[in-house]
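Protein chains: 2
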Amino acid sequence: MGENRALKRLYAIDKEIVLLSHILGVLSWDQEVLPPAAIEERGAQMGLLERRIHSLETSDEMGELLAALESVELDEIDGALVREAKRTFLREKKLSGEFVQLFSETTTRAYSAWVNARREDNFAEFVPVLESIVALLKEKSAALGHTGEPYDPLLDIYEPAMRTVEVEQLFAQMKQDLLFILDSLDTQPIEDTFLYGKFPREGQEFFIKEVLSSMGFDWDRGLLGTANHPATTSLGSDDIRITTRYEELSVASPLFSAIHEGGHALYEMACSSGRIKGTRLANGASLAFHESQSRLWENMVGRSSDFWDYFYPRFKELFPLQLANVDKKAFVAAINKVEPSPIRVDADEVTYGLHIILRFELEKALLGGSLEVKDLSEAWNTKMEELLHIKIKSNRSGVLQDIHWSMGAFGYFPTYALGNLYAAQIFAKMRGELDIPALLRGGDFVPIREWLQAKILNHGMVYTPKELIQRVSDSPLKSTYYRDYLTKKYLER
Amino acid sequence: MGENRALKRLYAIDKEIVLLSHILGVLSWDQEVLPPAAIEERGAQMGLLERRIHSLETSDEMGELLAALESVELDEIDGALVREAKRTFLREKKLSGEFVQLFSETTTRAYSAWVNARREDNFAEFVPVLESIVALLKEKSAALGHTGEPYDPLLDIYEPAMRTVEVEQLFAQMKQDLLFILDSLDTQPIEDTFLYGKFPREGQEFFIKEVLSSMGFDWDRGLLGTANHPATTSLGSDDIRITTRYEELSVASPLFSAIHEGGHALYEMACSSGRIKGTRLANGASLAFHESQSRLWENMVGRSSDFWDYFYPRFKELFPLQLANVDKKAFVAAINKVEPSPIRVDADEVTYGLHIILRFELEKALLGGSLEVKDLSEAWNTKMEELLHIKIKSNRSGVLQDIHWSMGAFGYFPTYALGNLYAAQIFAKMRGELDIPALLRGGDFVPIREWLQAKILNHGMVYTPKELIQRVSDSPLKSTYYRDYLTKKYLER
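Protein chains in written order, with the working numbering: chain A, 1 to 493; chain B, 1 to 493.
Because the hints were derived from the structure by calculation, they are not lab data. Bear in mind that the values here come from a model prediction, so they are computed numbers and not experimental data. A few of these clues could be false.
Since copy identity is lost for identical chains, a pair holds within one copy or between any two.
Mimicking DSS-like on lysine-lysine, the simulated pairs with C-alpha atoms at most 30 Å apart in a straight line are [stated by the list, open to error]:
1) K15 <-> K93
2) K455 <-> K429
3) K8 <-> K93
4) K466 <-> K198
5) K374 <-> K429
6) K94 <-> K15
7) K488 <-> K429
8) K316 <-> K15
9) K138 <-> K383
10) K175 <-> K488
11) K478 <-> K8
12) K337 <-> K391
13) K478 <-> K429
Build the full structure now, drawing on both the sequences and the hints.
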């Protein structure tokens, strides 16, 4: 086969894979309203599409195309597509269709079990299916192959080429930094009860849409919905949907969830452009890179004092009674309050990383066999006390709080904390090139978005995460930028 | 291949087809909220799944399986599956993958064009794409093959084995009956302005849900949503969703739309049971049979005086001010008011059939070549004046009112009126076996639903429409039952 024809055919197969992934996005988006009796069949629908994707990714034809393109000189984009197709081919080829289906069916079951167990605060109900999942993950790790560290091949799925030992080193330093900052914080209590008054949903939604519009969210190519678990879902190249969860009694959480998801959405929208639109390269360079964007917008932009210089007067106009005696400074202090809490998604910037370290260590222990599922709740609670001095009173706000393990997604959690590290490193570089405080105070996000687009978002997966962070910041990923960012924000204020 | 293995494999392929159809249902359900820029790609997603279904339906393997099962003695259900798979195989085999894709892409474009043309009341904008559709339909009819009547193979898709000439005969008699009844109606005006007061949505939704629950709508296996065009969609064997459209200023339309779709939903829910659940046989015997159920519940049950004996006190409790001076008799008269109007979906039981005859005749003329698309609006308006003495003032309430032609669905409209005929014939039989008035007055729909389930719904597509109507009513389809039903209701009251 000629290399041109091979490349064209590779793009055609890739297009089908992407269409199917987007259809999976629709099925997943729709789960929010799924009638109870339909859950199992929805699993079968998703399993069918996943199997089809798996078979396209690992077909003999794919093998032949990749072989034909092996030693061909390609430009950056074509080369990246071949690299990513090959990476998936080599990985997925090691997993049988039966395994993929069993994994999919088990996680569908696990999701319902997790929902029930969580609702009833009954960890025992989740144990058997989580045991199946851990067994499948061990099998998966062995099938994918590793040199000693069974966590490596799982982590690699989400953060390509990142090794467990690298995460351990980054996290060891980060843990020390976070505990130091936590210990050094001013102990004077911060007033934040006004965030929990009665904020009508209409006003919240209006404000959120204004912020998202300023960020550059394209309403022709996406929408804002509501869900129990805020998320960003791509249902098409031009169909990027985010959700938040309104709580009449808390105004901060829905807003920052929306800004967070807005950061993800900007990535999805920007990488679906140019030649890579509609290909598998129209995606974040990695999960952690994706998270860097949501964190950057949520925390470094959205929780900054400069941001509220511009937005607080508008915000106060919407909620004049609720914020009658609250000035900007008090508001900004409240939304940046640091306080250990049992729930990861509610955690502040300082304690968040510790929640992740806990999960990372438990996942490694489960996978390595030094911890059994039945002892997981106890191990969780012990570690939580150790790291954050918190006594977990119910599994619902402990080991059952997150959806990820029900999805069989070991190796996923670390990317959240790595996202913070990436964000700080990127933000440090950006601050050297743009006058961020002035832009934020003027409510002008265009240069910020354009900088991120040019440096990161538009490239999708063309560069590997390691290449990309080097290109953006002239340095490999380090934990020092995040330490410096937190130190400046929390200890030098 | 052994016949057992062949049958097992046929069921496996069939299961995949059904899963894919349900996934199409999800994509279609989601279109209600699709961001504008995503429309084209959604078309590509649906096209991909349709192509996959087409290729499963027409594969060489399918041909071999059907050949292997050709002369095998099978029970009723297995035999019906083979019959339906063969019917589809023979039909779809005549259409190339390219044609199917072109058809799908054209109708996706046509949908947007229709939406725009309708919004802007500009028929000219819809003409070019409708011309493409008519050309494709001519090609489709020729490819499917017919003996003189190009409408036959299109009609056969929706109403198996029904010939155009049969519809012409039924409709000729029906037209005469409807015009006679219309002419004979009491000319005293019926007061119905109270239906257009201010009815808060919450109360409407509460009442609708009570009626749907009484009908036996299973809330574990479905839900009620809202949409611009009320419909029933199956997103899974246990995921049957209906929509209605609330209008604060009209209480009748949302209610009867919901009861109508509820009738469809009961069919979908009941046929997804037993051995045929999850197979292609879990479907209405035909579109007209499906419509018979929605019409029976909407009109023969929901608009009956007996029904409101039970429900009017509850209804009045919800809207005491709006209905202060309206007694049950006046209310029932209002919801059964007969009055020619330009809009099909708002038409009463007497004039509805005339709207269908108009469309049936125009479709035949377009397909036969005696009418061109560019002259369609004029032809519509002329016929509307002829049949209903209505002057169409805008295409929006004329030729642009329905979605069906943008979907390329010629042959579909007749099934609506055939549905009325089936409904009356079924209802006449049921009245001979159950004391319908007493049941309705007691609000007890269980025996009615169970009768319909046992006689019709549970069988799905096991029997052909012609077999089924014969089994249910000991007679082929006739137009006389509907005439008798209308005569009794409207001329003998």
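Within, between, both or neither: K94, K15 at alpha-carbon 30 Å:
both (23 Å within a copy, 27 Å between copies)
Within a copy, between copies, both or neither: where do K337 and K391 come within 30 Å Cα-Cα?
within (20 Å within a copy, 69 Å between copies)
Between the shortest in-copy and the shortest cross-copy C-alpha distance, which are at most 30 Å for K316 and K15: within, between, both, or neither?
Close neither inside one copy (47 Å) nor across copies (57 Å); limit 30 Å.
Please sort K374 with K429 into within, between, both or neither, judging by C-alpha distance up to 30 Å.
neither (45 Å within a copy, 62 Å between copies)
Taking 30 Å as the upper bound on the Cα-Cα distance, should K8 and K93 be classified as within, between, both, or neither?
both (22 Å within a copy, 28 Å between copies)
With identical chains, the pair K455 and K429 could be close in the same copy or across copies; at 30 Å between alpha carbons, which is it: within, between, both, or neither?
Classified as within; 11 Å inside a copy, 73 Å across copies.
Should K478 paired with K8 be assigned to within, between, both, or neither, using CA atoms and 30 Å as the limit?
So K478 and K8 fail the 30 Å test inside a copy (39 Å) and across (58 Å) alike.
Intra- versus inter-copy proximity for K198 and K466 (alpha-carbon distance at most 30 Å):
neither (46 Å within a copy, 62 Å between copies)
One pair to classify: K15 and K93, alpha carbons no more than 30 Å apart. Within, between, both, or neither?
both (20 Å within a copy, 26 Å between copies)
With 30 Å as the alpha-carbon cut-off, assign the pair K138 and K383 to within, between, both or neither.
within (23 Å within a copy, 71 Å between copies)
With 30 Å as the alpha-carbon cut-off, assign the pair K478 and K429 to within, between, both or neither.
Within. Shortest intra-copy distance 13 Å satisfies the 30 Å Cα cut-off; inter-copy 80 Å does not.
Between K488 and K429, at a C-alpha cutoff of 30 Å, which is it: within one copy, between copies, both, or neither?
within (16 Å within a copy, 83 Å between copies)
Hint compliance for this structure: hints 4, 5, 8, 11 are broken, all remaining hints hold.
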